[in-house]
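A.B. asks: So you can see what is in the structure, the chains are spelled out below.
Protein chains: 2
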Amino acid sequence: MKNSSKVIKSSGYSWANVEKREYKTDTQNFKSIHRYTLLTNDLPGLNTETRYFEIQPGGYSSLEHHKHTHSVIIIRGSGSVILDNDLKKIAERDVVYISPETIHQFHADNSEPLGFICMVDCDRDRPKIPGDDAIRSRISTEKVLKKIRK
Amino acid sequence: MKNSSKVIKSSGYSWANVEKREYKTDTQNFKSIHRYTLLTNDLPGLNTETRYFEIQPGGYSSLEHHKHTHSVIIIRGSGSVILDNDLKKIAERDVVYISPETIHQFHADNSEPLGFICMVDCDRDRPKIPGDDAIRSRISTEKVLKKIRK
Chain A
-11 MKNSSKVIKS SGYSWANVEK REYKTDTQNF KSIHRYTLLT NDLPGLNTET
39 RYFEIQPGGY SSLEHHKHTH SVIIIRGSGS VILDNDLKKI AERDVVYISP
89 ETIHQFHADN SEPLGFICMV DCDRDRPKIP GDDAIRSRIS TEKVLKKIRK
Chain B
-11 MKNSSKVIKS SGYSWANVEK REYKTDTQNF KSIHRYTLLT NDLPGLNTET
39 RYFEIQPGGY SSLEHHKHTH SVIIIRGSGS VILDNDLKKI AERDVVYISP
89 ETIHQFHADN SEPLGFICMV DCDRDRPKIP GDDAIRSRIS TEKVLKKIRK
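Chains as they are written, first to last, in this note's numbering: chain A, -11 to 138; chain B, -11 to 138.
Because the hints were derived from the structure by calculation, they are not lab data.
Nothing here was measured: the structure is a model prediction, and the numbers come from that model.
Wrong hints could be hidden among the right ones.
One copy or two, it doesn't matter: identical chains are merged, so the pair holds either way.
Said to hold, decoys possible - Below, a list of computed lysine-lysine pairs in the DSS-like style, where the Cα atoms sit at most 27 Å apart:
no., residue 1, residue 2
1, K135, K(-3)
2, K131, K8
3, K(-3), K55
4, K8, K134
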């Protein structure tokens, strides 16, 4: 197998020869967020993708759920995350585990960017966007219902 | 499936309710390194483990190779990494990809700790420690041969 080991140098919160991209192109239920895809399935033997997402103050990721998990470590700033009925504050170096089918959404709601590394299986299902009925049937805490952006 | 989503809060470079552990218990070819196992295969649906390793100044990880890959992001300090015939400087937020069977070793050789998140498949082969013959047959650059600690 070809040796494709490498170091991708950072410069602040961007990376050499890695394109800054839109967060998603197929939905609209997010705000002020971009991504860098750092390690992806074109690398031999790799089963997990590593991506960096950054949300600007006031922005948020899409509200979604899916079978695959997210392993997340915050590396810039602070904010909060919805995990079904919980709303948790998050800051640099905190680790977030998002288990299968948990409804989740990240918010940069602390007047600074929120940047995080997010690992996913290369082979994974597509995210689902919950509708109003799904939200009402699964989310019962008022603080989360107020926090959701869709 | 049980919802086991969670936030693990950090305090500096340690994490709430996560034990600081020895790096390894089955080999001795390393120096001044400890680990925190942050997300592991007791979590439902998880295929990738997330660990934090920290090497104190002058320390190094074991020289090894294996079939599974490492996806690494530096989150503290700086140092260097051997990737077969290459010796690369690494610093905070750099990403390191270690492809199958690459001989590798991390060094905290810049008078500060070197701390990094390392992701591996939950289902993986055991690392192999290369002997002198294997090193000589695969490593030809003098700077790497001088850097290796075993």
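A.B. asks: Each hint needs a verdict: does it hold in this structure or not?
C.D. replies: Hint check:
no.	hint	result
1	K135 <-> K(-3)	between (36 Å within a copy, 21 Å between copies)
2	K131 <-> K8	neither (33 Å within a copy, 34 Å between copies)
3	K(-3) <-> K55	between (32 Å within a copy, 24 Å between copies)
4	K8 <-> K134	neither (31 Å within a copy, 38 Å between copies)
Hint check: violations occur at hints 2, 4; the rest are consistent with the structure.
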